[in-house]
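Protein chains in written order, with the working numbering: chain A, -16 to 743; chain B, -16 to 743.
These aren't lab readings, by the way, just hints derived from the structure by calculation.
Some hints here could point you the wrong way.
A pair holds if it fits inside one copy or across any two, identical chains being indistinguishable in the list.
As the list claims (entries may be wrong) - Okay, derived cross-link-like pairs now, DSS-like style, lysine-lysine, Cα gap no bigger than 25 Å in a straight line:
# : residue 1 : residue 2
1 : Lys587    : Lys136
2 : Lys587    : Lys431
3 : Lys58     : Lys282
4 : Lys2      : Lys96
5 : Lys733    : Lys388
6 : Lys2      : Lys414
7 : Lys240    : Lys131
8 : Lys240    : Lys58
9 : Lys557    : Lys431
2 protein chains.
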Amino acid sequence: MPEFKVIGKGVPRSDSIAKVTGTAKYTADISWPRMLHGAILRSPHPHAQITGIDCRKALALPGVRSVVTADDTPKKKYGGFIADEYPLAVDRVRFFGDEVAAVAAADRETAEKALALIEVQYEILPAVYDVFDALKPDAPLVDDVVGKNLAYKYSIHRGDIESGFNASACVVEDTFQLPTVCHGCIELTTCAAVPESRESMVIWAPTSAPFMLRNQVGATLGIPTAQIRVIQAAVGGSFGSRHTIKAAIIVTLLARKTGRPVTLSLEREEEFLTSRPRMAAEIRLRMGFAADGTILAKKTDITANNGAYTATAPLLLETTARRADNLYRIKNIETDVRLVYTNRASSSAFRGFGNPQMHFAIESMMDMAADRLGLDPVQIRLKNATQKGDITAHGWKITSCDLTKCIDTVTRAVDWDGRGPARKFVPSGRKRHGLGMACMIHIAGRRKPTGFSGSNAQIKFLDSGKVVIYSGEADVGQGCSDVFRQIAAETLEVPLETVETATLDTLHCPFGLGSFSDRVTITGGNAVRMAALDVRKQIMAIAAAHFESPEDILTCENGVIRCLESGQTIDMVKLVRQTITDGGGMPLIGQGNYWPPFEEYDTKTKYGNLGVAYTFAAQAAEVEVDLDTGHVKVLNFKSAHDLGRTLNPLTASGQVEGALAQGLGYALMEEMHFEPHQTQDLSFLEYKMPTMMDVPSSEVFLIESIEPNGPFGAKGVAEPGLVPTAPAIANAIFHATGARITSLPITPQKVLDALAKLAD
Amino acid sequence: MPEFKVIGKGVPRSDSIAKVTGTAKYTADISWPRMLHGAILRSPHPHAQITGIDCRKALALPGVRSVVTADDTPKKKYGGFIADEYPLAVDRVRFFGDEVAAVAAADRETAEKALALIEVQYEILPAVYDVFDALKPDAPLVDDVVGKNLAYKYSIHRGDIESGFNASACVVEDTFQLPTVCHGCIELTTCAAVPESRESMVIWAPTSAPFMLRNQVGATLGIPTAQIRVIQAAVGGSFGSRHTIKAAIIVTLLARKTGRPVTLSLEREEEFLTSRPRMAAEIRLRMGFAADGTILAKKTDITANNGAYTATAPLLLETTARRADNLYRIKNIETDVRLVYTNRASSSAFRGFGNPQMHFAIESMMDMAADRLGLDPVQIRLKNATQKGDITAHGWKITSCDLTKCIDTVTRAVDWDGRGPARKFVPSGRKRHGLGMACMIHIAGRRKPTGFSGSNAQIKFLDSGKVVIYSGEADVGQGCSDVFRQIAAETLEVPLETVETATLDTLHCPFGLGSFSDRVTITGGNAVRMAALDVRKQIMAIAAAHFESPEDILTCENGVIRCLESGQTIDMVKLVRQTITDGGGMPLIGQGNYWPPFEEYDTKTKYGNLGVAYTFAAQAAEVEVDLDTGHVKVLNFKSAHDLGRTLNPLTASGQVEGALAQGLGYALMEEMHFEPHQTQDLSFLEYKMPTMMDVPSSEVFLIESIEPNGPFGAKGVAEPGLVPTAPAIANAIFHATGARITSLPITPQKVLDALAKLAD
């Protein structure tokens, strides 16, 4: 093991004190002279034609500065995959909450009063919420771009599915229902737009992808991106919901029209209506197994609820369709995916990005198969587990993998062999205890088939001795700002406290794609490492000039540069500061432009190595099921995550612990309801998320497979924590009660229903 | 004349709309969550021993978070030339307003209440305000570092003063009195300090030298500069008063002690007490002339009032002592300078930096000599005027000079020859009209004898097409941000509106010395030009790769790159943006590290070329003097400024026009009073500055001598506008009335007294 100074040490997040003491500055905490307050008028109908908008009464209200509608926009549809969305509705609204108009006024109250004065004439259209209803020939057509409610479909084939099933000793088949769940960020989304001069607009937003937001605002409003600057304010949650933010487009429109700074905060109910929740899906899964548990075939049908607009759904569904296949050595695969428009709010990214849905299905089915074959659920997983060096069915190259160790670690931690040897439920009283486990694979840094999927960083070494990191990647709470500091401090051998990661700002920071697919540590970290090595090279050249000796006989250790020939030494920081000062104060600048190693990728068959690296995990849950009430209590939870090298154990464990709460909600509590005709859950009274009272005691094991593509061997751990949580809990419920529940969330009612069915 | 696209065009300042519409964000407009408000307790005595400070009652007041005194500081004296000042008084106060303690409280009112509860025991000491009183042997000793009230003295000798006077046909001698005048910035100084994490402090301030402020806060409070970041907020005036700001030190102390953001606004009376006004001086001047007006000798004695602390006074007095000598071809010079401690507030930099004082003396005396010799004041100046190519008595190399043209221009503009041919006053009624003129020399970019006196800039060309300039030099209203944009846009051939100068921030911008000695356009501009040329070079390399041809057969004109061989062309911005995007979005970065050409300088004799360049001007005033009231009204004012190439005529003229108002105040209205025992002028009711009602119609001529050391031939024009204003007006009063007034301001009473003396 190499000796590190700051890598692997627990570094508290730089923003933690500000956040817990209340001094952190969120967008809502910022004001500007002559600032106006914005508010958005939303559709009260899930589907309707707009036949007229009359803003005159709203505009006449004292304090109102502007009302904007689609007429103030280029009326050009946009979308990452299917251009099917407007910044403000043109002629038609497609979900309850669709943006129709917006107001800028002297204060929030006036803006809200003005909303009520905008007269919109709607002609109500029939609406559809369920994917199978939407696929019926006579269903109301939600979208008018694709021309049918089936937005998108595709199939993947690997190996020979027929012979796989034919050879199987046991075929298991079931249908899994995955609900829509909401991110529920604590911070209400607030964006502000500030006209800086005639030509330029500064947008403050809690975004996870400032450059993408900049580009989106530019594209949707027809503003050159050179005139838009996005600054990331303090972020109180993202989890995928703040990659791009529609409120930022609308507030920019208001600021342009008024020429004044405008701030716009969503209300909690607007968050529920429009934060683009986790996609609901029905997964029909059929798997064939040999008698020893070897997986021989997997057939999957996914029907997913797009909602009214497409956003990232096609990419997300690739994850649902494909990622879990790489967890095990599966050769014969067939997957069919259908994405269906409905009059629900649009679904999009949420931590795990489509992966938790499929993992619930496959990791439930692994237990179902073990049960049928009389195998231990742990053994059937170990039998099939992907190993380092594998190239999976989809062509993924597993350059590091300690899945087996993850499984071993959590099962040992819960005394799996001692407490549940036969893996059969044993009735004992009205409160039953059970153990369950599940595994997962996730990606660390998704490559794009073409174009840039790396990361950029610049590092400045200032005359003051301060080292400043500029990364285009966003810290949305996962702690990358401090991991970048560790990487730079380790590489440059400077004290951690002199290293600062600059606020993410599209003016100052190099282009970055944003925080998604656990790419920030591995791609962003590699870029920071390259930039630091570039600075280090410049420092060694300075030292060579100082000692008047060639660089190759110089060493730098513990911040001391030594000339091996003369034995002379000098303090590195002192030397560099003096050199910069003597040179007029111009900082050293290092650059890192990281590209993942090139890999062939067939966009037609979707075969090829997709990730820079892959992460693995196993989780084990101990539950107590109350047979009388159906209530499930998670007593104890163990997580073992193969994250590559642990850069910062504090934040890494924190990520897993935080994800557990979300996974628990997904497993047992959370679901958004859209019937009969609109989003039903508009506050935390209706929509139940776990509180500290619900979160079990938990232990996190960080399993360090050293990843050759990662900075110091790191991969990532932000998203995986919740991916196997729901199936681990479902499997534990099965262990406790014999009831197999295939629909999330596993509410007490569903438990009671399943128990009743068992008793039949 | 070269053809320029944006150089020489009138570009409105980027911040002008924000400033006139009220959206500009000054430090006082910024708030932070949990922000506290600071206030400073000041000495009510001009000189006293502090025998005790009891903060208990103040600390007990609800809402008070902290009280700081010298005990919270390292008690180490600091100062640029003489370390004679503390952040908070230790044991002794030396002027009325000296900082004794400070409070941070929940609001300003509470902070002020707390100030009243701090019990300070003073033992009053005898005080001295007048320099000659202070030089008496029994005078109270103000300072305890130097050990006497004579803080500093020196002499300069050039040529042979004795033979110069002996050869003179006429020797003129007089004493000139220069008052203390206040900057009177419209914005009250507000500084804020925000603890960002345990290790770092962000200071917001309207400073003209963020890096100097950073270093000063670090040095005075014992904080490593790596832990301090200074951000320049919008600035509502500086004029030399905000190079470093004591309130910034004190607010940092409060923020460190409380761990919370603290904001601190000075009241108007505190501005008057502590903004370090223009230095009062008595100048005894004796000059010898040949019969044809040739200056043969100049003997100067300067006694200047330092106030209680030294600040920049020694450097400032070098300007007073020496700069005006270079306006004319004077060979024999002797100058003696004395800087004297008194119990006044410390004096320091104010637009012109010691130069207006001496110009009042010499430019009055030129007219006095012309009168004695029967010469036209214009002719005596033309006779002696420094010319391009001269090396002056002090070794200054005049690389560009159009002084003669400046004189010609203003005298022609006032019809000098037609309206005042004999230059003698002709009585005509009770309101007399007169014409007067004066010249000046100023510096553009003072070199330091050793070390860095250049400037740094970085330029980023972003994926969006935006070009961002990072300069360490501060825009305090003079408009350099936009001049830098012009230089970069011209060099890179990009549209001006895509170029932005980044907010000055010690984290993001390369080290800069700050805005003083008219150095920003010439040194900062050269650095920006170098950085832009660096980017341009990179662009041409990109184009060479694109055309697959050597760079030397490529041209770039009007933003179109052409291959001379193939005739192919490509839009430059389009090519660069595409290349950056294809490369992953990493911006191009250009660097400019400008050092003025090296010149020998003898620090002992103070001989050697001091400036990067020198600017010249002539101004002419037409006045009306009311013989009954003594009131002087300036009817008309003409300014001709040799500023090198005019980069932005709008801001250049604006500088001269703004300076005229200040020069007018210096000439006729402004004076701070310190007797009997404290600063008497604490509001604009007592301290009269010119308003728009007082400012005459004025015309500005920009005379373009092309300076080889300047960017596109530019020098500078921020300070000079007021340097010759007072003597031009005094000379016009003489022309109108025959009364020679040698003491500023020329109040009605002084005019009446002089007229009465004439009548004797």
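Index of numbered hints that the structure contradicts, given in increasing order: 3, 4, 5, 6, 7
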